[in-house]
Amino acid sequence: MSVLIYADSTKGALTKNAFEAANYGAQLAKAAGTDAIAVVAGSASGLEELGNYGISKVLHVSDASLDNFDPQKVAHVVAAAASEIGADTIIFAHDYTGKAVAPRLSAKLDAGLVSGAVALPNGNVVKKAVFSGKAFAEIEITTATKIISVLPNSVDKVETGGSASVETFSVELPSTGITVKEIKKESTELSLTEADIVVSAGRGLKGPENWGMIEDLAKALGAATACSRPVADIGWRPHHEHVGQTGLAIRPNLYIAAGISGAIQHLAGVNGSKVIVVINTDPEAPFFKAADYGIVGDAFEVIPKMVEAVKKLKGI
Amino acid sequence: MKILVCISKAPDTTAKIAFTDGDTKFDENGVQFIVNPYDEWYALVRGLELKEANGGTVTVLNVGGADSDPIIRKALAIGADDAVRIDAETTDALYVAKQIANYAKEQGYDIVLSGKETIDYNGSQVGGMVAELMDVPYISLASKLELNGNTATLEREIEGGVEVLEVNTPFVLSAAKGMAEARIPNMRGIMAARSKPLTVVPASEATTSTTIKGFTLPPAKSGCRYVDADNVEELIDLLHNEAKAI
Ligand SMILES: Cc1cc2nc3c(=O)[nH]c(=O)nc-3n(C[C@H](O)[C@H](O)[C@H](O)COP(=O)(O)OP(=O)(O)OC[C@H]3O[C@@H](n4cnc5c(N)ncnc54)[C@H](O)[C@@H]3O)c2cc1C
Ligand SMILES: Nc1ncnc2c1ncn2[C@@H]1O[C@H](COP(=O)(O)O)[C@@H](O)[C@H]1O
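For the protein sequence lines, the chains are A and B, in the order given.
Quick note: the first sequence, position 148, residue 147 per the working numbering, numbers continuous.
Each number in the working numbering comes from the position in the second sequence (counting from 1) with 5 added on.
Hints are supplied without guarantee of correctness; some may be wrong.
Per the computed footprint, the stretches of chain B lying under chain A, defined by three or more beta-carbons under 8 Å from a beta-carbon of chain A, are [stated by the list, open to error]:
no., segment
1, 16-28
2, 163-172
Stretches of chain B that chain A covers, calculated by requiring three or more beta carbons in the stretch to come under 8 Å of a beta carbon on chain A [said to hold, decoys possible]:
no., segment
3, 137-147
4, 228-238
Derived from the structure by calculation, the hints contain no laboratory data.
From a predicted model like this one, the values you see are computed outputs, not experimental measurements.
Using N, Cα and C, we set each Cβ at its ideal position, and we do this for glycine too.
Could you put the whole structure together from the sequences, leaning on the hints where they help?
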């Protein structure tokens, strides 16, 4: 019995989510008095670093054909590693990779999957966000092998110190029908789901020409920019900035919303943020109910002042 | 092209979220149900566009009880040719996926489209499970799909970028934003939907793998702390010293 963690990598390095998943698995293994072992697919270095998050051993399948992401192959690798170590619990991050691989593995092993866990399990019961963040469900996994994918940025990491031993692990890979043609980089969108701070604006800004101050504030804070859906629909901002129920769901530490009313569909994508700041001329705007800090005021006056105050604080 | 679109029933996006039976069941009282937005706006509409361009059929499939029929009719009104409902209670993604995969294997579809996730369970699971059970490629979170004969070119979100890939039919995908633009059913569509076939088939034997034990609501925010618009520096100070967010 042991815990297996799939630690994802891109371009030869482990991702931030990989360390979070590893640490979740390690905490779980420790509570169960067993080992946490990670599996890595494709060319990647720096794997010993997983030891600092509680992983004792890494199985590395370094086959270069895994460098192009293919969920069918990755599911195969993880299944082989699980059988090798006799894992009864398998952990993923609930990110793009986890969403592609974990369901496949679940069906392959006939193992129950809870996706988007927000806390360590209590026995076989896992807590996850449902109804787009408006509630939580406690879900029991009733199969012998259990799969959990962890919602990024939701469980605190505990550094243990130490270094993991890395072993080469060979797996015969199936041929699959997918041919990768190109990887396009859309950096804004990606930094948006990973950003610690997000500055967002809505229809209250009146037009695309007024986004300069939003970008200034984002720049001063080292933040990513986002927008409400109508703003993307009218074409004031690129579609990949649209957050909410039908856009991206984000969970930054700080979400600043200017000129956004706070419709329930917008909140569904941002209500996991730790701190929410709302700037709106209308004291009755629903967003204030979800806010930690609020300014009833005109974004055109408040935002430039915020830029100045942040610059002063940071000495820039 | 034989196209299958998996549609699930979801509470309207503005529905009040509350629970009954000792917080073990979603309170459906007064709740309006809709076709899960990803399934309707992106999966179904792209399926219809492909059919319009290449010929073929679009079947919508739901696993659920008779209470799903209104949302199935909506999908027919938007333009699907026919519908199938697998008569079952849905509590577990793997159970639902087994139902869909068994049916799809039997009928032989070229493309199975699902949505990115259901807006109630937020699983993002069923599509990938169906693909594995059918032993075909799964393109998760696809934002583009073009078809040239039996070869499809797709774009999907992966860690670190957007991947452009090619795959031959049959395959399963989950549809995300960008795939298509929502369509509103017209009067003719709504009339036609009434006479389109909706076949109800019994569920196949399958096991479940998870059970929902209960629900909780997030703790209410302790309330908004207001700062005067003339005192923006105080807000930045609070964010720095109190919230430790900057
Ligand atoms: C099925 C469905 C899914 C949806 N999904 C999403 C989604 O994913 N994301 C999303 O965002 N929306 C979504 N919506 C739309 C949502 O319901 C709202 O219509 C939308 O969020 C409103 O955008 P807004 O707040 O920018 O604009 P508005 O509602 O027009 O609000 C503008 C706000 O700006 C304020 N304002 C005006 N001038 C100023 C000023 N000078 N300074 C400061 N404040 C000012 C106003 O008081 C107002 O509160 C969805 C809707 C449906 C039906
Ligand atoms: N009961 C169901 N019947 C048909 N399709 C479903 C059902 N549940 C989920 N799906 C499909 O699977 C997708 C992902 O669902 P989920 O894994 O629950 O987030 C949905 O967007 C639908 O396309």
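For each hint, the structure was consulted:
no.: 1; hint: 16-28; verdict: holds (count 5)
no.: 2; hint: 163-172; verdict: holds (count 10)
no.: 3; hint: 137-147; verdict: holds (count 8)
no.: 4; hint: 228-238; verdict: holds (count 8)
Going through the hint list in order, the structure satisfies each hint without exception.
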